[in-house]
Amino acid sequence: MKTSSLYGAIFWRRNSGAWGIMAAALLMLVLYACLFPDLLHLSGLARLSQTWFPLAAVAMAQAVIMLTGGVDLSTGPVVSVGCVLSASVIDDGALPTIGGILLVLAVGAAIGGLTGLVVSLLRLPPIIVTLATSFIWTGAALLIMPDPGGSVPDGLSNALAGDFPTPIFVIAGLVVLWKLWTLTPQGFASATFGDNPVGAFRSGVKVETVRILAYAISGVLTILAGLFLAAQTGSGDPTIGAPYTLNSITAAVLGGVAFTGGVGTMRGALAGSLLLTAIISVMFLLGISAFYQYVVQGVVILVAMTLPLLRRN
Amino acid sequence: MTREEAEAPAAAAREMARPVLSAVGVYRSFSGNPVLQDVSIAIHEGSIHALLGENGAGKSTLINILSGGLKPDAGEITVGGESHASLTPLLAQRFGIAVVHQELSLAPHLSVAENIAFGRLPRRRGLIDYPRLATEVHALFADLELDLPLATPVETLPLGTRQLVEIAKAIYRKPKLLILDEPTSSLAAVEVARLKRVMLRLRAQGIALLFISHRLEEVLELCDYVTVLKDGRRTASRPLAGADAAELVRLMVGRDPGDLFPPFESRAAGPLLVVEGLHSRRLKDVDLTLRRGEILGVGGLVGHGQENLLLSLVGAEAHRSDRMELDGRPVRISGVAAAARLGIAYVPSDRKIEGLHLPQSLHFNLILPTIRHLSRHGLRVPARERATVTDLLKRFAVRGGRAEDRVVQLSGGNQQKIAIGKWMPLEPRILLLNDPTRGVDVETKREIYLMLRRLAAAGTSTILVSSDTPELVELCDRVMVLAEGRVRVVLDHAAASEEAIVAAAIGADTRERAA
Amino acid sequence: MRLLADRRAYRFLTTPTVVILLSCVIIWGVAQLAFPGFASFGHIRYMLELSAILGIVAGGQTVVVLTGGIDLSVGAMITFAAILGPSITLLVGDSGIVSVPLLLLITAAIGGVNGLAVSALRIHPMIMTLAMATILTGVMLLASGGTAVAVHSPVVVWLANAHFAGVSISILVWLLVAVLLILLLRRTVLGVWIYAIGTSQRASELSAVNERLVHVAAYSISGFTAGLTGVLLSGVTMQGSIGIGDPYLLMSIAAVVVGGTSILGGQGGYGGTIAGSILLTTLTSLITVINLSAGGRSMLLGLLVLGLLGLYARESRRA
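Protein chains in written order, with the numbering used here: chain W, 1 to 313; chain G, 1 to 515; chain R, 1 to 319.
Since the hints were derived computationally from the structure, they do not count as laboratory data.
Hints are not guaranteed to be accurate.
According to the in silico footprint, chain R covers these stretches of chain W (three or more CB under 8 Å from chain R) [said to hold, decoys possible]:
(1) 121-130
(2) 205-212
Now the in silico label distances, taken between C-beta atoms and shown as ranges [stated by the list, open to error]:
(3) V92(R) with K179(W): 43 to 53 Å
(4) L311(R) with A387(G): 33 to 43 Å
(5) S83(G) with F12(R): 21 to 31 Å
(6) W19(W) with E484(G): 51 to 61 Å
(7) K206(W) with L311(R): 20 to 30 Å
(8) V299(W) with R201(G): 36 to 46 Å
(9) A387(G) with Y292(W): 35 to 45 Å
(10) W19(W) with A387(G): 56 to 66 Å
(11) E325(G) with V30(W): 50 to 60 Å
(12) N15(W) with V190(G): 48 to 58 Å
Predicted model only: the values in this text are computed from it and were never measured.
Here a beta-carbon is modelled for each residue, glycine too, at the ideal position from N, C-alpha and C.
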């Protein structure tokens, strides 16, 4: 084996599971485009990317946590916090806007890091810790903004949720950043210690530090979804994030990320979220009532889960 | 002759005398129970030092302390010229101490190369340098005469290969001291030979090795020095020259070993189980006749279908056969419960994950397989359960805990007794054992062998899969050797020698299969 | 002899269940000082009635968690029962005597589907119950059109609101459920099997445990208790509305874990969950009395639950 192709060989093997879901997502997009050629124009693409972005962001956030072997039940409330916080602190003007965005992202990192710290200190399963913190952040969002209100600068709204598919580039940027992160030793460890914590510890990996870093990253991604929702709607809503907890898990699992940890890729999570988004959008545009969307969503994930098993037999 | 040349022998002696690692006066207790008391050990460069002792003697605790995984209550560890009261994994690594534990700690989904360098991946400008990783791993393999695929996820590799990856991982860090905790317990002959070659190479390179094994022949063959622990204390620390197996056992157990194996006698009668043309995913066209009161051994390289044979016979694996008759009547073994009803019981090789419910009590474990018999209409009968448990604990002389205690607290040998004993209330006609003495101390091995003989004399038939060839040779009426899922040969007791079994096992397999 | 009795007494007094119940009593006492009336007979009875509603759904969750799984569909199932119940009563055309058990049979069967998928298709419990919750939500929205459904069934109203000799029927129902569940877990073969599967599925299969039965039974029980909770809730509020069951999902898991049952399975029991339910209800009542905003209440509850988990729940280390 040529030495230069080691990375290629590993990369191919590790992603072999995700090709299926990426193909399915692509197929769905093709169907979408056939039914609504508007997608092939910039404005149609922009609209889809805006629907996609929040779910993509939380799917990635959830994937980061799942890679460490945990599950995050507080995703939704943190999205809500991001939304109301953004609508409160981001003001008009270039500097205040950028400053506000950085503040929101920093809060996201802090929330994530704090959660990771509690998991490490209390030695509790993440699902339990995030169960409790979901109440905390739900409350925090309501405290920041008891009723929908606030505002987001028009400039930001137009930039993120206007006629240009900005979200796609943001997602691409996030994927590149993640790829670079996993090429660093800490990043590599954070994505791989999930199903081998004992071995990682024995190999000298500072498991606790790496875990907190992963949770912080997840926090930034989650709050980014909230920020986007604020920009999209133009205001803050303290309960807007509620459905995103379960949705993020669905999308990540659909994308091949496993609960056991150490298995799964960002690409997979993105494909999963894209597939879900495409399905829901198609149904919406076809005029199928929102109620059926739930049923379809549930069935899709069941089918996705059973297919690999059938293939194995 | 210059002054340096004159002093060379003395200098060399001093070099030899200075150990890579030494520990003095180590004490450690767990919840008030003393596990190590005043233990000292010194391991020198370029030597293979054996650490012997029964299960529960304190070996695992000692190596945990030496590698920084545990802190001793008292004592001093001297390494790299410095003395410490305790070590951490990081410190141990920095001093060049590497451990290969019994429980492998590889990341299942990562490749061989990534696992080997895990935690110390080569970097270039902050990012992982994969090309350099490939070069370094190739060099490592060349040095050790190994050939493993770099990009394959380790979970797809057989256990013996995974163990080699774990060892390569330890050697990648260029240790000064390599601690091997029972590396051969689940390897078969050929893989053990490969490991021995690697160990001798490392010794030649000046690395110190601390080798823990229950297989005394290996210890006598490989090691220069031996330290023996018994009940947490050191009973001997001496060069191996001049010692023999009996003496080592005496040091470990405190009395003469007697014979490990009971005298062989065959009480085998007529056929009980007849199988023809057994096919499954791993087995091809296996024929098998098991006689009443017989101990039938199954050997061969690990992973060549032995476990699958047992799993098929107990209904835990899908299979089909041209003919399967029990007691002259055709049977279909569709599941473990069905097998139990037919009187077939299976004891897996991995007692920690498959054979026992470790966090549960002895009582729980012992009643579980036969709970239906011990209950009435689905309701439990506590009195019946208690009676059964008390009887089993006494019959098997289980030491180290009462019925309410958790099985995880017992030693390996006592745990194995529970794993086997829990099937006894079933009064099994056929007992399927998968490597029952793996990781079990000498004394318990004797007890298990005696029990098997007694059961055979009473009419129970046993199929014994084992990677320990002496077991197959001494205990069994016949030995069946599997290779690549097929029966290669069935040897009678007289013809079953270690050479014959190994020869049959590797007969057609001249190329090394690593993937 | 005296030492033995002391030791047994000490062990009893430090079991999580007892500790939690004692904490409840202490909290009642302290709260009474700050808010007179908190520990009055009427208020305690009220809190116990609320605990019953949580405790019943947490019972099914306990059984599922003991098998090493989790049921994320209980919230949707509660809402499903609350919304669908009146329709079934109308269909059957009775006072509820037949329609209520029929409803519970349906929810149990849906739970059974969860268990079957987990066992036969080997789908991870979190996924399966999540998907089921999504599907149920869709079905409910379709059936109700998004509006609340009024409750007419006399049986339902009676179950939720009536009293017998000073004790609420709902508490008696809880008592019955508790007795049955504890008997199941401690005294039956199925109970042994539940703990076995929760400890190690592989080792259980090799020990002739009927893995399929365990999963189907566990999730069916969870479906049943969730349905029963939905019936009681709809009786209390006199209507079935969308989202009525949602808070109970996280609360049921919290009650199980705070009560000392390991989220990994194989350790714990319903006694702890009963105590956990009472404690959580006590805390939510206390928080309500303190009169904070909705946000403050939620935050305080989260902090308290986190604190409790830090004290009582521990990451079980499998040997």
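Tested hints:
Counting residues of the segment 121-130 of chain W whose beta carbon lies closer than 8 Å to any beta carbon of chain R gives 7, which reaches the threshold of three, so the coverage claim holds. As drawn, the segment 205-212 of chain W meets chain R at 0 residues by the rule of a beta-carbon pair under 8 Å; below three, the given contact is violated. At roughly 60 Å, the beta carbons of V92(R) and K179(W) sit outside the given window of 43 to 53 Å. Restraint check, L311(R) to A387(G): a C-beta distance of roughly 40 Å satisfies the suggested window 33 to 43 Å.
At roughly 48 Å, the beta-carbon separation of S83(G) and F12(R) lies outside the given 21 to 31 Å, and the hint is violated. Taking the beta carbon of each, W19(W) and E484(G) are about 32 Å apart, not inside 51 to 61 Å as hinted. Under the hint 20 to 30 Å, the C-beta atoms of K206(W) and L311(R), about 27 Å apart, fit the expected range. About 58 Å separates the C-beta atoms of V299(W) and R201(G), a value inconsistent with the hinted range of 36 to 46 Å.
Between A387(G) and Y292(W), the C-beta spacing of about 60 Å breaks the proposed range 35 to 45 Å. Between W19(W) and A387(G), the C-beta spacing of about 59 Å keeps the proposed range 56 to 66 Å intact. Here the CB-CB span from E325(G) to V30(W) is close to 58 Å, well matched to the stated 50 to 60 Å. Evaluation of the 48 to 58 Å hint for N15(W) and V190(G) yields a failure: the beta carbon distance comes to about 35 Å.
Going down the numbered hints, you'll see the structure goes against 2, 3, 5, 6, 8, 9 and 12, while the others check out.
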